[in-house]
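Visitor: So the chains spell out like this:
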Amino acid sequence: MDRNVQQKNDLMRELEETRRQLYEAKETIEAIRTGQVDALVVQKGSTHQLYTLKTADHTYRIFIEKMTEGALTLSQQGIILYANTRFGEMIGMPLSAIIGLPFEQFIAKENIPFYKTLFKTSWAGDCKGEVEIYYNGKHTPVQLSLTVLELDEGLSLSIIITDLTLQKTTQRKLQENNRQLELLNHTLESSNHDLQEPLRKIHMFSNLLKKKATDILGQEEIAYLEKIISSTNRMKALIVDILNYSRLSAIDGEFLPTNLNYVLKELLEDFELLIADKKGKIDYKDLPVLEVNRGQIRQVFQNLISNSLKFSKEGVAPVIEINSVILAEKSFTSKEDDKGDFCLLTIEDNGIGFDEKYATTVFSLFQRLHPKDSFEGTGIGLSIAKKIIEKHQGLIQVTSTPGVGTKFMIILPIKQS
Amino acid sequence: MASADTIVKKILLAEDDPDDVSFFFQYLSERPDLVLLPPVENGEEVVEYLQKAHNGTFPDLIILDQNMPKCNGLQTLAILKNNTQYEKIPVFVYSTYTDAYLVKKSIQLGARSVLEKPFSVEGYHKMIDDILELI
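First to last, the protein sequences are chains A and B. In this text, residue positions in the first sequence follow my numbering: the first is 1, and each later residue adds one. In this text, residue positions in the second sequence follow my numbering: the first is 1001, and each later residue adds one.
Treat each hint with caution, since some may be false.
Subject to a maximum C-alpha distance of 16 Å in a straight line, what follows is the list of computed EDC-like cross-link-like pairs (lysine to aspartate or glutamate) [claimed, not checked]:
no. : chain 1 : residue 1 : chain 2 : residue 2
1   : A       : Lys-265   : A       : Asp-283
2   : A       : Lys-212   : B       : Glu-1041
3   : A       : Lys-211   : B       : Glu-1116
4   : A       : Lys-210   : B       : Glu-1122
5   : B       : Lys-1070  : B       : Glu-1041
6   : A       : Lys-120   : A       : Glu-104
7   : A       : Lys-236   : B       : Glu-1030
8   : A       : Lys-138   : A       : Asp-163
9   : A       : Lys-211   : B       : Glu-1122
10  : A       : Lys-201   : B       : Glu-1122
11  : A       : Lys-415   : A       : Glu-254
12  : A       : Lys-116   : A       : Asp-126
13  : B       : Lys-1070  : B       : Asp-1099
14  : A       : Lys-201   : B       : Asp-1019
Which residues of chain B face chain A? A few of them, derived with a C-beta cut under 10 Å, are [what the hints assert, rightly or not]:
no. : residue
15  : Thr-1096
16  : Lys-1117
17  : Gly-1123
Hints were generated in silico from the structure; no laboratory data involved. These numbers come from a predicted model, not from an experiment. Note that the Cβ used here is the ideal one computed from N, Cα and C, for glycine as well.
With these hints in hand, go ahead and build the complete structure from the sequences.
Guide: Quick look at the structure:
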């Protein structure tokens, strides 16, 4: 019996000791967490290990020093209490000289009224504004981000200063590029017109010559004349197409919800004779309403259908099928999703097809896969289609098998943002 | 042979390019129903011609090239339509390239139609036929 009582007392003492240690440990952790303790001495066997803590404040200091923005702390009177190295670099002054000066001193004169307003408002709530820092002849466009800080010493204002120089330069370059592009477009259009005049004359005079000289000239000479005439025809077609292509960059039509079924219906009516001539059949069903430029999308369908009719198999009536599904994502491998934001249109024919290694080059300007004489056209149709689809923030791709047919796939966003 | 004036239509052409004048002559030489009056080179000369013209030489229609020096097609058109003596003569503007602006402005100023300079003899045929339909 004695031994059991002894055991019980031993266990109780051990429990007591463990509880005490646990309590001490909890107290220590609490002290560390609330910052009451700066260092810990821990006994490890026979040695003592000293652990010091980095305070949150210190970490922030390093963070602010190292960041690429300028940072300031201002007093309620607008005096600089603290500035980081980056700010010093921005104005080209050592920090020791900056502290104690009013921040206003470094703002460009024209911006001072605006800055004053910004300063006053920021005490009530965070605000941002663009000003120019000016000191020692150096101008820097910056964005100021102002927040009130509660420090031990009282309320102060923290300002993060972002250098906008690069942004402004890029913006200027973009504007300049746009201006030059417009000028180029304009020049292209003018040149186009200028080219038409001599071309017309070559054509007219060649025809007149042919007419007048038929009796005098031999067969070969007449053939040469005819080559000249047909080249001028081709050149005229090229000029018209180049003009249309360059116009696509200039004019930005409106995007409006358009029922593609109507677009197609209209197109087929206009093409009635050509389709009947080729004994072609074009099927489409339940196409969606998409936010597009009606005229341009019509042009895309026109170019693709015209291609399919043109490149049909000899003796085989061309059949073109147009289908649509809604996709979850803007990708050709995306899953279908009735509630998705993108539409995949497929235009598939049973024509002569082409080697898929040309699948990307077919969209290049004036790219032709057949000799000029075999098929009419300048080869610009697909480039125009691609440009239009890209303007709609869409994607276009083609797959084909020689002797079987070709399938064009177009992805368009249902709505334009 | 009598009253040839009433059957044959007289066309006044304002064109500064001698080749284009030549094309017109070539084409019209095959049309017994039309006659080309002595061509003039710009708007000023159009007015001068009209002032000196009499019944036998007064045009039934006027074709104005847009790109003429001194006084271009549109400017000439404005002058003609502002003049009570000449405003009734049908005027057509033609040009190597006809853009939306030219068409709009020409119709606004009173032209009967705007035409693109033909690329072939058949084109001239069509242009003239279109013109005759409109007067």
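Visitor: Run every hint past the structure and note whether it holds.
Guide: Right, here's what the structure says about each hint:
Restraint check for Lys-265/A and Asp-283/A: satisfied, since their Cα atoms lie roughly 10 Å apart, inside the 16 Å limit. Distance hint between Lys-212/A and Glu-1041/B is unfulfilled; the C-alpha atoms sit about 28 Å from each other, more than 16 Å. Straight-line distance between C-alpha atoms of Lys-211/A and Glu-1116/B comes to about 23 Å, which puts the hinted pair past the 16 Å bound. For the hint pairing Lys-210/A with Glu-1122/B, the CA-to-CA distance comes to about 14 Å; that is within 16 Å, so the pair holds.
This hinted pair checks out: Lys-1070/B and Glu-1041/B have alpha carbons roughly 9 Å apart, not beyond 16 Å. With a CA separation close to 13 Å, the supplied pair Lys-120/A and Glu-104/A stays within the 16 Å bound. Restraint check for Lys-236/A and Glu-1030/B: not satisfied, since their Cα atoms lie roughly 27 Å apart, outside the 16 Å limit. The hinted pair formed by Lys-138/A and Asp-163/A meets the criterion: a straight-line CA distance of about 13 Å does not exceed 16 Å.
Only pairs whose Cα atoms come within 16 Å are accepted, and Lys-211/A paired with Glu-1122/B is accepted, the gap being roughly 13 Å. Proposed proximity of Lys-201/A and Glu-1122/B is supported: the alpha carbons are some 14 Å apart, at most 16 Å. With a C-alpha separation of about 12 Å, the suggested pair Lys-415/A and Glu-254/A falls inside the 16 Å cut-off, and the hint holds. For the hint pairing Lys-116/A with Asp-126/A, the CA-to-CA distance comes to about 15 Å; that is within 16 Å, so the pair holds.
A hinted pair counts as satisfied when its Cα atoms are at most 16 Å apart, and Lys-1070/B with Asp-1099/B does not qualify at roughly 21 Å. Annotation: proposed proximity of Lys-201/A to Asp-1019/B holds, straight-line Cα distance about 8 Å (limit 16 Å). Restraint check, Thr-1096/B versus chain A: the minimum CB separation of about 5 Å is within 10 Å; hint holds. About 6 Å separates the beta-carbon of Lys-1117/B from the nearest beta-carbon of chain A, less than 10 Å, and the hint is met.
Interface restraint check for Gly-1123/B: the shortest CB-CB distance to chain A comes to about 9 Å, inside 10 Å, so the restraint holds.
Hints 2, 3, 7, 13 from the list above are not met by this structure, while the remaining hints are.
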